[in-house]
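Novice: Chain residues, written in single-letter form:
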Amino acid sequence: MKVLTDIHTDFAAVANSRDVMVADNAHWKTLRQQAKEQFERNGLPGRKEEDWKYTSLWSLGQEQFVHQVSQPGYADIHELKLVEDAYRLVIVDGRVDLTASYLDGLPEGLTVTPFSQSIDRASEFLNQQVNLEKPGFNAMNTMLMNEGIFIEVAANTKVDKPIELIVVNSGHTAHYAMHLRNVIVLGKDSQATFIETYAGNNQANGLTDVITEISLADKAELFHYKLQRESLDHYHVATMAASQAADSQWHNTNISLGGKLARNDVHSQLLGEQSHVTMNGLYLVTGEQHIDNHTRIDHAVPNTTSEEVYKGVLDEQSHAVFNGKVIVHKDAQKTDANQSNRNLLLSRGCEIDTKPEMEIYADDVKCGHGSAVGQINEDQLFFLRARGLDEVSARSLLTFAFAVDVIERISNEELKQSITGVIEKRLPRGGA
Amino acid sequence: MKMLEIKNLHAKIEGKEILRGINLTVNEGEVHAIMGPNGAGKSTLSNVLTGREGYEITQGEVIYKGENLLELEPEERARRGVFLAFQYPVEIPGVSNIYLLKAALNAVRKHQGLDELDAIDFLTLVRSKMQLVKMDEQFLHRSVNEGFSGGEKKRNEILQMALLEPQLAIMDETDSGLDIDALKTVSEGVNALRSPERSFVMITHYQRLLDYIVPDFVHVLSEGRIVKSGDKELAKELEKSGYSWVHDAPEPEGQPA
Numbered sequence: 003m004k005v006l007t008d009i010h011t012d013f014a015a016v017a018n019s020r021d022v023m024v025a026d027n028a029h030w031k032t033l034r035q036q037a038k039e040q041f042e043r044n045g046l047p048g049r050k051e052e053d054w055k056y057t058s059l060w061s062l063g064q065e066q067f068v069h070q071v072s073q074p075g076y077a078d079i080h081e082l083k084l085v086e087d088a089y090r091l092v093i094v095d096g097r098v099d100l101t102a103s104y105l106d107g108l109p110e111g112l113t114v115t116p117f118s119q120s121i122d123r124a125s126e127f128l129n130q131q132v133n134l135e136k137p138g139f140n141a142m143n144t145m146l147m148n149e150g151i152f153i154e155v156a157a158n159t160k161v162d163k164p165i166e167l168i169v170v171n172s173g174h175t176a177h178y179a180m181h182l183r184n185v186i187v188l189g190k191d192s193q194a195t196f197i198e199t200y201a202g203n204n205q206a207n208g209l210t211d212v213i214t215e216i217s218l219a220d221k222a223e224l225f226h227y228k229l230q231r232e233s234l235d236h237y238h239v240a241t242m243a244a245s246q247a248a249d250s251q252w253h254n255t256n257i258s259l260g261g262k263l264a265r266n267d268v269h270s271q272l273l274g275e276q277s278h279v280t281m282n283g284l285y286l287v288t289g290e291q292h293i294d295n296h297t298r299i300d301h302a303v304p305n306t307t308s309e310e311v312y313k314g315v316l317d318e319q320s321h322a323v324f325n326g327k328v329i330v331h332k333d334a335q336k337t338d339a340n341q342s343n344r345n346l347l348l349s350r351g352c353e354i355d356t357k358p359e360m361e362i363y364a365d366d367v368k369c370g371h372g373s374a375v376g377q378i379n380e381d382q383l384f385f386l387r388a389r390g391l392d393e394v395s396a397r398s399l400l401t402f403a404f405a406v407d408v409i410e411r412i413s414n415e416e417l418k419q420s421i422t423g424v425i426e427k428r429l430p431r432g433g434a
Numbered sequence: 284m285k286m287l288e289i290k291n292l293h294a295k296i297e298g299k300e301i302l303r304g305i306n307l308t309v310n311e312g313e314v315h316a317i318m319g320p321n322g323a324g325k326s327t328l329s330n331v332l333t334g335r336e337g338y339e340i341t342q343g344e345v346i347y348k349g350e351n352l353l354e355l356e357p358e359e360r361a362r363r364g365v366f367l368a369f370q371y372p373v374e375i376p377g378v379s380n381i382y383l384l385k386a387a388l389n390a391v392r393k394h395q396g397l398d399e400l401d402a403i404d405f406l407t408l409v410r411s412k413m414q415l416v417k418m419d420e421q422f423l424h425r426s427v428n429e430g431f432s433g434g435e436k437k438r439n440e441i442l443q444m445a446l447l448e449p450q451l452a453i454m455d456e457t458d459s460g461l462d463i464d465a466l467k468t469v470s471e472g473v474n475a476l477r478s479p480e481r482s483f484v485m486i487t488h489y490q491r492l493l494d495y496i497v498p499d500f501v502h503v504l505s506e507g508r509i510v511k512s513g514d515k516e517l518a519k520e521l522e523k524s525g526y527s528w529v530h531d532a533p534e535p536e537g538q539p540a
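First to last, the protein sequences are chains A and B. The numbering of the first sequence is the numbering used here, which starts it at 3 and goes up by one. The numbering of the second sequence is the numbering used here, which starts it at 284 and goes up by one.
One chain only, chain A, in its complex shape (with noise of 0.2 Å):
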């Protein structure tokens, strides 16, 4: 099947009882719209489908979603910042929490507000990023999007502190789904650094759904770091887009520890000449989750450049999925793309399909890409256990080792040392 034909939760239902949010806004509703009538007619993707090949949403939709808050959620977000200094939204179970927010002081030419307060100006850039008939979750997304962050900067701004966004699923709500939308202009010649953290109770088991849609004016630089440390017994679908001008840079790291089903679609289109994507990667899986990346990155003008590392470590029964496109178009010459996929398999149960794809219609380009899969380096363990570490310790600091290097390009220090400890606190078998 094409199509994923048994979905319990009726998410149309649910998008026209939210119809009333939209009804001012013209952009919006037609996009709305748009998206029921696309979700109606495709749904869900299948298996059948070559993005989803690997990873079935068949649970997904045998789950019975909730929309409604069944009691007010709370977050204690001391554990959750990854900085301190930091212009912060925080959403809990959909809603944004402004007690544990802080937009104040904002300086000239930066806008930051939730995307419920700022739908005119953002409705001018929805849905310029992704793409409804796409299989997956951009029509059910935009027909059910109510929250999310909006970040502008004006051209010339370099925005002195991090933006950092905090979305929780707080598990008062069992089932609870959350579909979200952030929205992130820069402007010319400006930079600016945005975190985002997806976290949850780890009762939570519903549902995040969330589409960030970036736009890149010439020269605009931002630096973007997405940690998902979701309960393992929760949903989490994200795409991430971009649109890339003119030397602009777009900076992704994407850490993925949490999460039943995690799925993540991460997109660069490098429109302007002299734009770069660094795509770097994480995913920490155990148990019984699943994992799956899927990015693309779409040289579409001479001189451009792409640096992708997506790097991984299963445990137990863990399945990791992925599959990097690189497109090169016509034209598109004097390309310089990079690409890795590595993978760490701590035991004999987990599963990784990784597919490493490389479209050229240049001819003048300098492109290259590799994936690995390994196990734990018997040398290596015995040299630390001769030196007096225990097993467990070992194989733990020789996991961290592994990953390190995704780490050690985070460029804030303070991020750094904090994304540090929140993996080390996940390594197999406890930290090192």
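Hints in this document: simulated from the structure, not taken from any laboratory. Just to be clear, a hint being listed does not mean it is correct.
To be verified - Here are the simulated lysine to aspartate or glutamate pairs, DMTMM-like style, with alpha carbons at most 25 Å apart: (1) B:K515 x B:E471; (2) B:K295 x A:D381; (3) B:K515 x B:D499; (4) B:K348 x B:D401; (5) B:K385 x A:D392; (6) A:K427 x B:E399; (7) B:K393 x A:E426; (8) A:K427 x B:D401; (9) B:K385 x A:E380; (10) A:K418 x B:E356; (11) B:K385 x A:E309; (12) B:K385 x A:E415; (13) B:K393 x A:E393; (14) B:K385 x A:E416; (15) A:K357 x A:E290; (16) B:K348 x A:E393; (17) B:K467 x B:E374; (18) B:K285 x B:E356; (19) B:K385 x A:E426; (20) B:K299 x A:E380; (21) A:K262 x A:E290; (22) B:K295 x A:E318; (23) B:K385 x A:E410; (24) A:K83 x A:D12; (25) A:K357 x A:E318; (26) A:K4 x A:E81; (27) B:K385 x A:E359; (28) B:K393 x A:D392; (29) A:K427 x A:E65; (30) B:K299 x A:D381; (31) A:K427 x B:E420; (32) B:K385 x B:E344; (33) A:K50 x A:D407; (34) B:K299 x B:E506; (35) B:K385 x A:E393; (36) B:K385 x B:E448; (37) A:K190 x A:E309; (38) B:K295 x A:E81; (39) B:K348 x A:D392; (40) A:K418 x A:E42.
Here the structure is a predicted model, which means the values were calculated and not measured.
Put chain B on the given structure of chain A with help from the hints.
Specialist: Below, chain B alone, put in the same frame as chain A:
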């Protein structure tokens, strides 16, 4: 006092018997050299003593300070003071040297019931040990052995030994891959660590190392047995006449053929 006692040790790897009845006693403060041709079982002996997996002990026992060494995990041996200086020190990208040194020292200290050293005391200690092997401080912050030259790797081994202050150091072909300057530095490091409480077992193919680290005893290993023992003069004899004669040596007394 006896530090190490190897009694009639037999060991197999992949079904093939490599050690065929080794007997050796090492007392506190003694330096023993074990020499032998390729394939004599030298590396197997060091691997068995330090607990590498893949070896099957079919007979015999090894007593280290009154304990059955072969029953201990590699890390338990290390914490009790057995140190292996590797023939081929492994590179570990992503683990800094200083992290390794700290983790190793703390593992030993914890076993001894001591607190972890604080950052300043630790650094002071490491610096003093680095002088011993003439290592530059930049090596602390590099990944373990990654991109090190052969000599730097071996010096790094001696640095670890100096820091951990083992009771029994087993040195596996420490001279291999060293030029003469590196050999001198490494030997000076080892000699500085010699003490009445510390014993060394040096496994080596060549006599060269023994010019710098002078052993109390020299043993010749051949086909899985010690076929001859003597003092440092034996090593010189070997240097002159090679190993060909050892194959003709009679079976040692008391050993099954």
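Novice: Under the constraints set out in the numbered hints, which ones does this structure not fulfil?
Specialist: 4, 10, 11, 22, 24, 26, 27, 29, 31, 32, 33, 38 and 40
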